[in-house]
Amino acid sequence: MIFISLLLLAYDYGSVSGFVTDASNGEKLAYANVYLENTDMGSATNDKGYYIIHNITPDTYSIIFSYIGYESAKMGISIKENHNTVINIEMNPSLIELEEIKVSAERTRFEQEVEVSHITFTPREIKSVPGLFENDLIKTLQLMPGVVAMHDLSNKLYVRGGSPDENLVLLDGITIYNPSTHLFGLFSTFNPDAVSNAELYAGGFPAMYGDRLSSVLAVTTKEGNSKKYTGEASIGLITSKLMIEGPIPKGSFLISGRRTYFDALVWAYSEIKNDTLSLPYYFYDGIAKINFNPSPENRFTIAGIAGSDIISFEESFTNETEEKVDLKWGNRGISLRWRRVFSPQFYGEILGAWSNFLTHFQYEDFSDSTNNLHIYEEIIDYTGKCDFNYFLNDRHTLACGIDAKQLEIGYNLDVVEQNIIDQEQKTHLFTAYVQDKWSLIPNILSVQAGLRTLYDNTYKRSCLNPRIGIKYHVKPNTALNLAWGKYNQFLVTINSQESYFSIFDFWRLVDSTHNIPSSYHLIAGLEQWFDNNTRLTIEPYYKKYYDLLVPKENEMFFSTPSESLKVANGYSTGLDIFFKKSFENSFGWISYSLCFTKRKEGEHYYSPRYDRRHNLNIVFGFTIPEYIPLFKNGTLNLRWYFATGLPYAEDLARYRYRYYDSIEQNWDYEWVVIHGPRDAHRLPLSHRLDFHLEKDMRIFGLKGSWYIDVMNIYNHDNIAFYTLDYDEDPPKKIAYSLLPIPIPSFGINLRF
Amino acid sequence: MQKTRRNAIIIVVLIIIFISCEKPLFEEYEPELNIFCLLECVPFHYITVIVDQTYRMDEPSNEYIDDALVILSGPNSVDTLQFIPGDSAYHSPYPLLFQPEKTYQLTVIKEGFDTVIAQTKTPGNFNIVYPQRLDTLTISDTIILTKSSGAPYYHGYFTDENDYKIPFWYVPDTLDTLVRIPIPFYLTFAHSGYYRIEILACDENYYQYSQFKPEQDSVLQAGITGGVGVFASYQTRAVYVYFVLE
Chain H
1 MIFISLLLLA YDYGSVSGFV TDASNGEKLA YANVYLENTD MGSATNDKGY
51 YIIHNITPDT YSIIFSYIGY ESAKMGISIK ENHNTVINIE MNPSLIELEE
101 IKVSAERTRF EQEVEVSHIT FTPREIKSVP GLFENDLIKT LQLMPGVVAM
151 HDLSNKLYVR GGSPDENLVL LDGITIYNPS THLFGLFSTF NPDAVSNAEL
201 YAGGFPAMYG DRLSSVLAVT TKEGNSKKYT GEASIGLITS KLMIEGPIPK
251 GSFLISGRRT YFDALVWAYS EIKNDTLSLP YYFYDGIAKI NFNPSPENRF
301 TIAGIAGSDI ISFEESFTNE TEEKVDLKWG NRGISLRWRR VFSPQFYGEI
351 LGAWSNFLTH FQYEDFSDST NNLHIYEEII DYTGKCDFNY FLNDRHTLAC
401 GIDAKQLEIG YNLDVVEQNI IDQEQKTHLF TAYVQDKWSL IPNILSVQAG
451 LRTLYDNTYK RSCLNPRIGI KYHVKPNTAL NLAWGKYNQF LVTINSQESY
501 FSIFDFWRLV DSTHNIPSSY HLIAGLEQWF DNNTRLTIEP YYKKYYDLLV
551 PKENEMFFST PSESLKVANG YSTGLDIFFK KSFENSFGWI SYSLCFTKRK
601 EGEHYYSPRY DRRHNLNIVF GFTIPEYIPL FKNGTLNLRW YFATGLPYAE
651 DLARYRYRYY DSIEQNWDYE WVVIHGPRDA HRLPLSHRLD FHLEKDMRIF
701 GLKGSWYIDV MNIYNHDNIA FYTLDYDEDP PKKIAYSLLP IPIPSFGINL
751 RF
Chain E
1 MQKTRRNAII IVVLIIIFIS CEKPLFEEYE PELNIFCLLE CVPFHYITVI
51 VDQTYRMDEP SNEYIDDALV ILSGPNSVDT LQFIPGDSAY HSPYPLLFQP
101 EKTYQLTVIK EGFDTVIAQT KTPGNFNIVY PQRLDTLTIS DTIILTKSSG
151 APYYHGYFTD ENDYKIPFWY VPDTLDTLVR IPIPFYLTFA HSGYYRIEIL
201 ACDENYYQYS QFKPEQDSVL QAGITGGVGV FASYQTRAVY VYFVLE
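Chains H and E, in that order, are what the protein sequence lines are.
Taking our numbering, I'd label the letters of the first sequence as residues 1 to 752.
Taking our numbering, I'd label the letters of the second sequence as residues 1 to 246.
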């Protein structure tokens, strides 16, 4: 009835809608401001660059498009009764910032969306953060409130007390099951050159996302330049990268790739010196995307990702190969997306995606095949998905969608030419959601309510996930947020998420022996904008976990959930504070997280190893003034990090365990260590300062830049773990830090 | 307005400091006595008890403790054991009679440590049904025993002519009235020849001790309270056989 009444109210008015894109490359502009001059009517583009302004009284108006970093566009339009006027606009990047007030995309989002714990990253922000050898998206996300890294080299996301396997990671709609696998977990799969933006929901995410308990990271790659052929190339200490984009008839393409090259350099050196030196490891990845727009209403996009880490070497004792070892792992995926604007109020997307993570190890002994060993572990995800948005009127925006997923998990072990394990899990998951964003009191009170249902076809189980968010604008610059939601996860990992070093996860479906893990998020938030470029958010939260599945101690891989997992409950609660400010030539943010994370096994509560109590990051970047000769107009970005220690089990004591040694044929002993409670001790405080210095230059007539990164400038030992040397009595405690010296890296970027 | 903001910030910071101050969870570790005694249930046996301790990680270790009071209580006797420096262990001054299916208690007192009280119930008698003396065995054979009451676990050795021992372990089927131990598959790597098969019927404490994994597990308390270690008992039977590798 309410909808019908609202529809009737909309009668006799006109509307204007369209897409806003960048004139230089055709990329969509999300959260650009669109308004009718001298009226209070306006809107903003959504994350697809689409906007619509409803309920416009028929007349002639001037419509203005503004976006930070772009020249404002203004044009006259005539609005007719019961008619939608389509205005697609291309905005030109501004060379000089004019003295006019422009609203950032984040600010527009603050006004338009009902969401909590949400942060969007641009490539500029990703690239501005100092990195180990090169920039990395995941490393940048670790600077956000609520996100914790376990150590200096960690490339995993522990979000608000959740483990990395509780994060949904999407790249252009492709589910990425192991996002941080390169170089044994040091780098993520996402090549920053190809990323257009990354959105992180640290909690309370809307009904369109699901099947994870903690957070969502949605990465979107660039559309590809539809105006001209351009490219970027870079040479860094570890990798070289190349990205090319350009127009195709009625569309655009982008292709990017990177590869480590130490192995090639070592090979070349060996060839020159006639040496046998070799480095049998490298990784590569590539991202490709093609957009095809047969009409303004239709867009087809094919996106793909492929990457692999490869270790391969042979042992030759004579001229013949005696042994061969091959180990490779990597993500692959492809998605086909059709976006259609059915009417100005109604648009939708249909997505088909395939995702795969494969781990493959093969050992071949050519002299004795009985020693051969073959292991593989694989997850394959086929997804079909439809999402629809209906702009009912200026009060209601409806969204709904369905999702069908086929998941296949295979794990196989062959030893001595015999198949020891050959197991497969397979299921179909069906999901549907509906959501309404309802502006109860325009510009003051908005509610976003959604419902998501999940059904597991194999085990005939279903879940209902209600979600609700409320935003109350106390003042135009101040809003209070409240979000609550239930979340379920049908997939779990059988490897420990508390491991300091793990390259990839081994995923399993939750079988019928266990309940489906669930979590409830309750988030309250204050968001304050002091001006258009200064933002403060304070978000206390409480997250309750039920039926979590955590690995039993000392369980081997290739097991099923019923064999290797035990049930735990738990909670995490805390407070995230984020303060961000941009000036004309500088920017910076401060993020602080206070988090208490507990897991409960039986009646016993404990802190998991990633329970970091305090986490502070300060990032500051600025353009170097002209009076500093060598670096003038370069940029210097600094990052200071401070965190309290993680819990660990201290080795308290030792004693002799006597046994009969059947090899040595005598009684002997070995030391048994008595460990303290797993969370009774904490590692010392960690802190470090990193910097990223970048300066434009020209090489062979091409625009480019050089950069230097240094991690841990003042060389602080951030203790990651301890070991004990039992050759000494009493045993010597040895502390290890992962950045024992300041680690420099440098490289060159070229644009053509 | 600015004052209100400042006060609000101060309040938030104070709240954060207040709620994030935590009492350390750890307590100082107090060393305990470490006892090792595997009691063989045979008549006229000199019991051997090694008394040691757990050591804090920052303190140096000793081989043994030689000034503890070690008392063994049986069904009809109480004996104080004496430390013999030659083998760094405590022994009874004379051979003792250990009976099957009886409970024995070990009390170890040492100043500065909690007193250890350890108990074991000796397993019942049993016999080797098959093989008999000098029978020929192959890898596909099964050793058959009568059951020893109170023995959840059997342990043994194949000892060859060179006194080389090949161990094996077995947990019997609780429903079977006999114990049927398959010849261990790793005997395929042995050689044909005469072997002495020695079988130990072990009590619950021995089983717990045998299952302990020093590199994974933390505290071994097999029959021990007030300390760590093992106080276990077993009965032994043996037979000579000829093993043929097929």
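FYI, nobody ran anything at the bench for these hints, they're computed from the structure.
If you're wondering where the values come from, they're calculated on a predicted model, not measured in any experiment.
Do not rely on the hints blindly, as some may be mistaken.
[Unchecked claim] List of simulated lysine-lysine pairs, DSSO-like, C-alpha gap at most 30 Å:
#1 H:K600 - E:K213
#2 H:K632 - H:K703
#3 E:K3 - H:K733
#4 E:K213 - H:K732
#5 E:K213 - H:K598
#6 E:K110 - H:K566
#7 E:K147 - E:K165
#8 H:K544 - H:K566
#9 H:K475 - E:K165
#10 H:K580 - E:K3
#11 H:K632 - H:K544
[Claimed, not checked] In silico contact screen, one side only, chain E against chain H (beta carbon under 10 Å); selected entries:
#12 I50
#13 Q53
#14 D58
#15 V129
#16 P214
#17 G229
[Unchecked claim] Chain E stretches covered by chain H per the calculated footprint, using a threshold of three residues with CB under 8 Å from any CB of chain H:
#18 117-124
#19 135-147
#20 216-227
Beta carbons: idealized from backbone N, C-alpha and C, even for Gly.
Status of each hint after checking the structure:
1. Distance hint between H:K600 and E:K213 is fulfilled; the C-alpha atoms sit about 26 Å from each other, no more than 30 Å.
2. For a cut-off of 30 Å, the pair hint linking H:K632 to H:K703 stands: about 16 Å separates their Cα positions.
3. Proposed proximity of E:K3 and H:K733 is contradicted: the alpha carbons are some 50 Å apart, above 30 Å.
4. With a CA separation close to 23 Å, the supplied pair E:K213 and H:K732 stays within the 30 Å bound.
5. With a CA separation close to 28 Å, the supplied pair E:K213 and H:K598 stays within the 30 Å bound.
6. For the given pair, E:K110 sits about 41 Å from H:K566 by alpha-carbon distance, which is inconsistent with the 30 Å threshold.
7. With a CA separation close to 24 Å, the supplied pair E:K147 and E:K165 stays within the 30 Å bound.
8. Simply put, H:K544 and H:K566 have alpha-carbon atoms about 18 Å apart, close enough for the 30 Å limit, and the pair holds.
9. Our distance criterion of 30 Å between C-alpha atoms is broken by H:K475 and E:K165, whose separation comes to about 84 Å.
10. Between the alpha carbons of H:K580 and E:K3 the distance comes to roughly 22 Å, so the proposed pair stays at or under 30 Å and holds.
11. With a CA separation close to 51 Å, the supplied pair H:K632 and H:K544 exceeds the 30 Å bound.
12. At about 7 Å, the closest approach between the beta carbon of E:I50 and any beta carbon in chain H falls short of 10 Å, and the interface hint on this residue holds.
13. At its closest, the beta carbon of E:Q53 sits 7 Å from a beta carbon of chain H; the interface hint therefore holds under the 10 Å criterion.
14. Proximity of E:D58 to chain H holds as hinted, the smallest CB-CB distance being about 5 Å (cut-off 10 Å).
15. Hint status for E:V129: violated, given a least beta-carbon distance of 26 Å to chain H, over 10 Å.
16. Taken as an interface hint, E:P214 checks out: its beta carbon lies about 4 Å from the nearest beta carbon of chain H, inside 10 Å.
17. Against a cut-off of 10 Å between C-beta atoms, the interface hint on E:G229 holds, since the closest Cβ of chain H lies about 8 Å away.
18. Taking a C-beta to C-beta cut-off of 8 Å, the stretch 117-124 of chain E contributes 0 residues in contact with chain H, too few for the three needed, and the coverage statement is violated.
19. Only residues whose beta carbon comes within less than 8 Å of a beta carbon in chain H count, and the stretch 135-147 of chain E has 0; fewer than three means the coverage is violated.
20. Requiring three or more residues with a Cβ within less than 8 Å of a Cβ of chain H, the coverage given for the stretch 216-227 of chain E holds, as 5 such residues are present.
Going down the numbered hints, you'll see the structure goes against 3, 6, 9, 11, 15, 18 and 19, while the others check out.
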